[in-house]
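2 protein chains.
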Amino acid sequence: MNTSASAPKHVLGIDWGTSNRRAYLIDPSGECRARHTDDQGMLAARPHFAQSIDHLLAAMTLPLDTPVIASGMVGSAQGWHEVPYLDISVPLHELPGRLLRAAPNRFIVPGYCQRGAEVDVMRGEETQLLGALALGRDDGWVVLPGTHSKWVLLRAGAIQQIRTYMTGELFATLGAHGTLAPLLGGPEDADAFTAGIDAARLRAPLSNALFRVRARVVSGAMPAAHARSFLSGLLIGTEFVAAQDMSSSVASICSPALQQHYAVAAAQFGITLESLDPDRVYCAALARFFD
Amino acid sequence: MNTSASAPKHVLGIDWGTSNRRAYLIDPSGECRARHTDDQGMLAARPHFAQSIDHLLAAMTLPLDTPVIASGMVGSAQGWHEVPYLDISVPLHELPGRLLRAAPNRFIVPGYCQRGAEVDVMRGEETQLLGALALGRDDGWVVLPGTHSKWVLLRAGAIQQIRTYMTGELFATLGAHGTLAPLLGGPEDADAFTAGIDAARLRAPLSNALFRVRARVVSGAMPAAHARSFLSGLLIGTEFVAAQDMSSSVASICSPALQQHYAVAAAQFGITLESLDPDRVYCAALARFFD
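Chains as they are written, first to last, in numbering that gives the first Met the number 0: chain A, 0 to 290; chain R, 0 to 290.
Please note that the accuracy of each hint is not assured.
Cβ pair distances, simulated, as ranges [claimed, not checked]:
hint, chain 1, residue 1, chain 2, residue 2, range
1, R, 278, A, 223, 34 to 44 Å
2, R, 273, A, 37, 52 to 62 Å
3, R, 47, A, 255, 30 to 40 Å
4, R, 47, A, 37, 45 to 55 Å
Hints were generated in silico from the structure; no laboratory data involved.
Heads up, the beta-carbon is just placed ideally off N, CA and C, and yes, glycines get one too.
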């Protein structure tokens, strides 16, 4: 991206998800100068993405010609412009040369696709990974927990493997619908969470393990109040059971609340979890786009 | 159960589930003389179970003093009377001596509980299993597909193992809620179904495999119209992947539609599937209660 017609400008990065978006203003030295979060995610902003960006700039009292780099679902088929996925053979450092120009001074970062039997995709996380790279993390496993929790194996700054788990989505969906839902109103319970992680070690198929959450309660083996944390531990533990065969060290990029859960799970598996601040990572990525 | 104050009477068996119930009238020789199905499942009938049975008898033009044996969710905590689970160490042939008398001439069959780390439960299927026993199937794996698909290992007429999979419930819930739902409107497709079964062989955690259904579609590796059958194959295949380590022969008890899906999956795994007619099985069980 060439943003320097005359003097270098600030750049606004938007992490534009399905329901929410987060914006970061980077100055020419790469420092983050302002942040803004709102609920104008892809669903709320479409089909007026250009206008929505102008409103965002106005809300942040920024000039309308501020260059904007957006990542995430904004680049999906339901977004502003569908940006074709890059193949994971393309190293992350090539991302700045692969932006799609959606309008003057408006750019969208492409996501990645892993093809073959273990097909997987990401949109948005590639920008976080570029930031992790910029902070010196270019090798080993990185986990980006969330609605669709992503485990990504990096080798010399390239994506070797993507494994996405519908952890957050299953937790929310099963909490709202179906036979488990009435059981999932309990408070957080640390012991139930670790019991759920232990249950994941049995490696039973989740369609079986999920029923057994209910079976524990109706058989009296577990109080209903523990079901929610147990399920959380089961779903997060499932990610680590797969990970433990692969690595003794993982970097995480997520909110402090999720970080706490993943740290407990990592400790239970003897895995070292290094936490990277998501804002810092994002801004480090933005600085890489800035030239 | 002693139903013979004077002459032997007919007996009405009710397979009383959460949403529906099926009733079978058995004559003193053990022959099924009438059937009745309605939507007066546990949720609709409570709290007036006794009255609901009288209405059912009236609808079938049967005397109100006809002995009734009910199995299924009617015996749960949300049902008529909570009947404590039997431990799986109790052989199935002891079921007739373990009925709970809820009212004069009204009996409920207890379910079974498998305790320990792999806790599991059943209510209703134990009656089908007693019927399978009566038809000579007292050894090996029996699968009872459905909302909560049950795989049960029998040894000399006793339950050795219960494994319940939330196959039907996950299929329905994911079809109605969440990011997969918009993809799951397609027609049945035989090739997509077998592709889903093949995907199950990868033994990836379901929280991962479910996301990859979406990844296949958004990456262009699979048309959206195939997602529904692929998911069905993935969920049913997951049951068979676990089963293939254990047995080369399984008996199934289910509707013809489900039977067809399970037969395709079994063939793909080289497992012989022997289909038992659910009505015949249920009536054979009722005859065992009749003395």
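Starting from the hint 34 to 44 Å, judge whether the C-beta atoms of residue 278 of chain R and residue 223 of chain A obey it.
holds (36 Å)
In this structure, is the beta-carbon distance linking residue 47 of chain R and residue 255 of chain A contained in 30 to 40 Å?
Hint violated: Cβ distance 51 Å, outside 30 to 40 Å.
Distance restraint evaluation - residue 47 of chain R, residue 37 of chain A, Cβ atoms, bounds 45 to 55 Å:
About 52 Å separates the Cβ atoms of residue 47 of chain R and residue 37 of chain A, which means 45 to 55 Å holds.
Between the beta carbons of residue 273 of chain R and residue 37 of chain A, is the distance compatible with 52 to 62 Å?
holds (60 Å)
Hint check: a violation occurs at hint 3 only; the rest are consistent with the structure.
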